[in-house]
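Protein sequence lines correspond, in order, to chains A, B and C.
Just so we're aligned: the first sequence equals residues 1 to 848 in the numbering used here.
Just so we're aligned: the second sequence equals residues 1 to 220 in the numbering used here.
Just so we're aligned: the third sequence equals residues 1 to 220 in the numbering used here.
Treat the hints loosely; a few may be bogus.
Here are some chain B residues pointing at chain A (derived, C-beta under 10 Å) [claimed, not checked]:
no. : residue
1   : Leu57
2   : Leu88
3   : Glu95
4   : Ala104
5   : Glu108
6   : Arg114
7   : Leu116
8   : Ala117
9   : Ala120
10  : Arg147
11  : Leu176
12  : Leu201
13  : Pro202
14  : Thr203
With beta-carbon atoms standing in for the labels, derived distance ranges [what the hints assert, rightly or not]:
no. : chain 1 : residue 1 : chain 2 : residue 2 : range
15  : B       : Pro217    : C       : Pro202    : 19 to 27 Å
16  : B       : Asp175    : C       : Pro202    : 35 to 43 Å
17  : A       : Ala19     : C       : Glu31     : 35 to 43 Å
18  : B       : Val196    : C       : Glu31     : 27 to 35 Å
19  : B       : Ala62     : A       : Ala824    : 53 to 61 Å
20  : B       : Thr13     : A       : Leu831    : 26 to 34 Å
21  : C       : Arg72     : A       : Leu357    : 46 to 54 Å
Stretch by stretch, here's where chain A covers chain C in the computed footprint (C-beta under 8 Å, at least three residues) [unchecked claim]:
no. : region
22  : 113-119
23  : 191-197
Hints in this document: simulated from the structure, not taken from any laboratory.
Yeah, the Cβ is synthetic: ideal placement off N, Cα and C, and Gly gets one too.
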Amino acid sequence: MVFLMWLRGLLLRRTGRIAAASAGLALAVALPAALGMFQSAAQQSMTARAIQRVPVDWQVEQQPGAQLKGPLPGVSRQVDFASVAGLQSQANGQTLTTGGARALGIPADYAATFPGQLRLLAGTPTGPLLAQQTAANLHAVPGTVVTVHRPPLPDAQVTITGVVELPTADSLFQKVGAPAGAQPSAPPDNVLLLPAADWHRLFDALPADQVRTQFHLRIDHRLPADPAAAYTRVAGAARNLEVGLAGAGLVGDNLGAALDAARQDARYAELLFLFLGTPGIVLAVLVTALVARSGQVRRAAEQALLRARGATRTTFVRLALAETLLIAVIGAPVGLALAAVTGLTVYSSARLTGPALAATALTLLVSCAVVLLPALRPVAAARRRETPAWSRYGLDLWLIAGSLLVFWITSKTGYQLVLVPEGVPQLSVDYWAFAAPALLWAGASLLILRLARLLLGPGRPLVARLVRPLAAGLSPAVAATLARQRGALGRTATMAALAVAFAVSTSVFDATYQQQAQVDAQLTNGGDVTIGQTTATEKQLAAVPGIAAAEPLRHGFAYVGADLQDLYGVRPSTIVGATRLQDGYFSGGTAQEIIGRLASSPDALLVSQETVTDFQLRLGDQVRLRTTDGKTVAFHYAGVVTEFPTAPRDSFLVANASYLAAQAAPGDTTYLISTDGTAPHVVADRLLARFGPSAKVSDVESVRRVIGSSLTSVDLDGLTAIELAYALGLAVAATGLLLVLGFTERRRTYALTQVLGASARQLASFIWAEVALVGVLAIAAGAGAGWALARMLVLVLSGVFDPPPSSAAVPWAYLGQVIALGAAALLGAGLLAIRAARRPPLTVLRDL
Amino acid sequence: MSPLVSCQDVARTYGRGASAVVAVHGVTCALRQGDRVALMGPSGSGKTTLLHLLAGLDRPTAGTIAWPGLDERPRGQVGVIFQGPSLLPPLDVAENVALPLLIAGCAEGEARRRALAALAAVGVEGLAAQLPEELSGGQAQRVAVARVLAGSPRLIIADEPTGQLDSARAHQVVDLLTEVAGRLDAALLVATHDPVVAGRLPTHWEMRDGALREDVPWSS
Amino acid sequence: MEAIAVTADELYRFYRAGDEETRALRGVTLEVAAGEIVAVTGPSGSGKSTLLTLLAGLDEPDGGTVWITGRRMSHRPPAEQAALRAGKVGMLVQNGNLIEHLTVAQNVDLAQRLAGQVSRKRRNGLLFELGLSGRAGAWPSSLSGGEAARAGLAVALANRPALLLADEPTGELDAHSETPVLALIRDQAQTGTAVVIASHSPAVRRFADRVVELADGRVR
Ligand SMILES: Nc1ncnc2c1ncn2[C@@H]1O[C@H](COP(=O)(O)OP(=O)(O)OP(=O)(O)O)[C@@H](O)[C@H]1O
Ligand SMILES: Nc1ncnc2c1ncn2[C@@H]1O[C@H](COP(=O)(O)OP(=O)(O)OP(=O)(O)O)[C@@H](O)[C@H]1O
Ligand SMILES: [Mg+2]
Ligand SMILES: [Mg+2]
């Protein structure tokens, strides 16, 4: 067959070209496949994490007067709740009493059935247990006898056998069946857990309105990997169960709520896949296109010959298809293997599903198309070409202007990139946001191409001057050679610049993301390590090895009007430096300025914006707070605080710790600890060992791992690793591979130059001039475009960041690597070309 | 007077084993200043191969070649006109002709002036701004001749310089080459199959199956 | 009257490069009967190659029409041109007739396949008559100038064309190798093939049935 003959010839005689095109195609296919693996691995881990975070999937509450009948799905345990008037204990001759409390009756295997629901802090779990806070209030330890006030019944007594923590108190004590969007009710302050038999003995006789019965369920965890799909399944099943119960019970869907949060993260992960992945894939395809385009001169000659022999377009198409097929057959498996290796090393899974598979297939198709195209209609190289139409009409400038316009419009209207209405299965994504970066990419590419062409065309005298140090007397000839090659060279330089831009924008985005994740963790945890509920003093703490400083933070509660808010007391002289307060946490001034107001007036108070609006506060207004023990303390409103270490997301107050102490406002002190560089978890372990199990110690590393529901924890590491690795690969391919192919095409020129008597140095000047041109354009234009893109990405994707960054972070080390590798690729290409050019020129001359 | 180039028992074999082609073998010859040699011989007899060896563009597989009369680096001092197309595709005609002058260190303006003069000498001055791909076969061949004329080679080696020229042009080109060789006191070696062209040169060598016979008596 | 194989009617072809215009053909009219051998001569740059390119339908004339065996070649859809060319025309261009990644024999095969008339016997016959039997498996880059020219002719004749267009087929050939080439062309003509040869060679001039002389793009 003609095709077999043709292909065999190509494989035998054009091995380099076929190999290079296959490599380009492999890269183009590998990227979406690897990203797709990230995508499905990320989704899977999000679903898994959501499932893991929820010890009790559903809480089915029996409605008053009804009796739950029939089997419940999955594993279920009955839990009874009773409201009691208070608990009381005797300690050191003192009687301690709590306010209203909740008593739960749980089966003996409850803790084992729902691991994570109870955490035993002291004693044994077999008998009556107290929640940590309640035990503290009652000064109770295992063995303490606690009296339960249970009007209208007489008091009863139980002997405590252990103290537990209830990590999921919020959902455990939720109001099942509350309408979506309702204020979550705060968990009770005092909790007593009793073995089921004890509970029934104590509370069966209570009036019906003081008791409720729930069934806690763990359902089948074989759920779809995608959190959105899992959410739909779980929420549907919950509703289904409710319908089946016919009003006898309502379902509190904890798992659904967790998946609901996860699907938003998943959508963001998908967006990141699109925003960061698409340019990379497009670039890889473009590299393939350019690689396939190389060898155009020879291809044009071949086609002219085929035409002379009567070949029709169909013949060209068939031959081109055969060649493309050959390249695809070599390149695609290599690409998929590359992706599989990436997947296996980064997330130890090489699963490729649904949309990612489609994306990979699409990329393969497009890559084949771009390989096919130049094989179909080659263009002779050294033609005097007209200015391309896009350049005449200034398409590049229009695209950039359009990008800025879209960006301005979208950011002005304060759009939300991802909108997840609570409880509704549909998510809406504002795809307009893509337009701005996409237009910027396109515009920047064309602009760089225009600059390169300008430099090589009208800028030829300038180029001649610039290459003079390299080429000396030959500079006019070198400049002319470069100028006549401006199409191909311009494309190579643009490609290299885009690869650099891709690396810069991706890495800046990623570094900023990491920076904010750290900030978020710091904000949540307060310091590198935080210790609370301890009697340790600042001095004692400072003596622990690994600790650089311990900053006291007083915490209590106070009523603003009817609203109970967290009240923090700080030491203004040290707090800013010790906890790295960011300017973004305050409004109306820098962190230093606002905290400075606390320092200058003892009764100053910082409040949240919401409070300012609610109470129409103006600077200097007096604010009276009622403490939890009923005292009233006067403050002056001195500024607005939006975020604060360890503070909740909504309203809270910040004041001087010394003033609070002087006014005897209730509260206890937490210490925010900065380490001296020792790993936070090491310091945390030391603190626990030294100050006992009752102290509450947390470190920033574990917090960063734990705050799973927040967007910052979308596991970007994998995505980033792939992106950065491929960015490097692209940079090398764009600089090295394309240059080498270009040099191969100009072998003839070099061979002839050598025949005409050029010295090795003179010959090298042709090559180095080209290398320098591509290198300088790539770095200058690429860095500029990359920076602009990174800024835009950070702003467009600001929803991903929490808190929003005040400045972008630049990963100099990685960028240094990119530059170094790119430079090495350029150097390598140059040296390779020089070595090839030094071969006896005859072999080359004969071969054309 | 030492020869410009001399070779001793030179052979050139392409490939290895069964498919090896012995293009040139056992050739011993020398060229001195003032030599004007026409190299004839059937197609495939090894003329081009020998010319490339003498120009230092290829290395022999056996025997030795030396350029005692030239500086250590022969390439710049040997003007070569190739059998096939040999212009640099990205440079226009004038730039192509000026290139060897620039390589030799000539100033840009001077190089251009001499290039245009050489183009005029072969009758293609009107094509100075054309690109090689826009030339006819004969025009390209004359530009290649002009490129040698513009430089100042000590040894001129021309491989079928008139293959695509009509006889009037062919005579003109050979006469030009002879004249330039005389002016530069250089040696001239022309491979040709055209007896008329060969007839204008005083000495005749003949290749047959890779072997060289010098001083063949001329019979037209 | 013998059948007319090719008719060129008032052909014009201007090349534009920048603001310069080269008038390569200015109204050339030519008719060649089946079995007739016409030599197109003229000084270099007079438009010979351009004329052959137009006759083969590889380029469109700016004015005038080309007819091949009574069918119009110029100004029609490329696919029809290609079909006509594959079946009726054999073309030997001035430089580079062979596809580099195919061997000599494969190049001939390719031409036969494109014309839809595969014949191993004819291929081997052609290569033998042109003295290329020993080089059938060689890559084009390893051929001597004359061998490449002959291989090009073998490819051009592979499809038993009704019209053979040969651009300088003997430019690289010595008298000894020229003879079999011309003999082969004569044999071909005797089977009814019309032949148009662009050449400077006096031998070709003598060999042709008729000589058409071009000067400055016109028939003299
Ligand atoms: N692509 C082109 N662009 C511009 N001018 C061209 C182009 N091709 C040919 N020419 C010009 O057209 C004229 C005729 O060229 P053509 O190749 O037909 O000449 P020719 O008679 O075949 O010459 P030769 O005997 O040297 O091969 C020449 O002046 C040539 O420079
Ligand atoms: N690279 C190569 N590999 C294999 N064989 C080669 C190579 N180059 C040349 N030959 C063979 O060497 C022999 C001599 O070739 P050369 O080009 O020197 O001949 P020539 O005398 O110049 O012929 P012509 O007059 O046809 O140009 C030929 O048979 C040719 O096929
Ligand atoms: Mg030769
Ligand atoms: Mg011609």
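So, going through the hints one by one against the coordinates:
1. Leu57: 5 Å, holds
2. Leu88: 5 Å, holds
3. Glu95: 5 Å, holds
4. Ala104: It holds, given that the least Cβ distance between Ala104(B) and chain A is near 7 Å, below 10 Å.
5. Glu108: Nearest chain A Cβ about 5 Å off; hint holds.
6. Arg114: With a minimum Cβ separation of about 14 Å from chain A (threshold 10 Å), the hint on Arg114(B) is violated.
7. Leu116: With a closest approach of 15 Å, the Leu116(B) hint is violated.
8. Ala117: It is violated, given that the least Cβ distance between Ala117(B) and chain A is near 18 Å, above 10 Å.
9. Ala120: Violated: closest Cβ of chain A sits about 21 Å from Ala120(B), beyond 10 Å.
10. Arg147: Holds, because the Cβ-Cβ distance from Arg147(B) to chain A comes to roughly 8 Å (cut-off 10 Å).
11. Leu176: 19 Å, violated
12. Leu201: 24 Å, violated
13. Pro202: Pro202(B) check fails; min Cβ-Cβ to chain A is 28 Å, beyond 10 Å.
14. Thr203: At about 25 Å, which exceeds the 10 Å cut-off, the nearest Cβ of chain A leaves the hint on Thr203(B) violated.
15. Pro217(B) x Pro202(C): 19 to 27 Å: 23 Å, holds
16. Asp175(B) x Pro202(C): 35 to 43 Å: Cβ of Asp175(B) to Cβ of Pro202(C): about 18 Å, so the range 35 to 43 Å is violated.
17. Ala19(A) x Glu31(C): 35 to 43 Å: 52 Å, violated
18. Val196(B) x Glu31(C): 27 to 35 Å: At 32 Å between Cβs, range holds.
19. Ala62(B) x Ala824(A): 53 to 61 Å: Roughly 42 Å apart at Cβ, these two residues miss the hinted range, so it is violated.
20. Thr13(B) x Leu831(A): 26 to 34 Å: 31 Å, holds
21. Arg72(C) x Leu357(A): 46 to 54 Å: 52 Å, holds
22. 113-119: Satisfied; 3 residues make the cut.
23. 191-197: The restraint on the region 191-197 of chain C is violated, since only 0 of its residues have a Cβ under 8 Å from chain A and three are required.
Hint check: violations occur at hints 6, 7, 8, 9, 11, 12, 13, 14, 16, 17, 19, 23; the rest are consistent with the structure.
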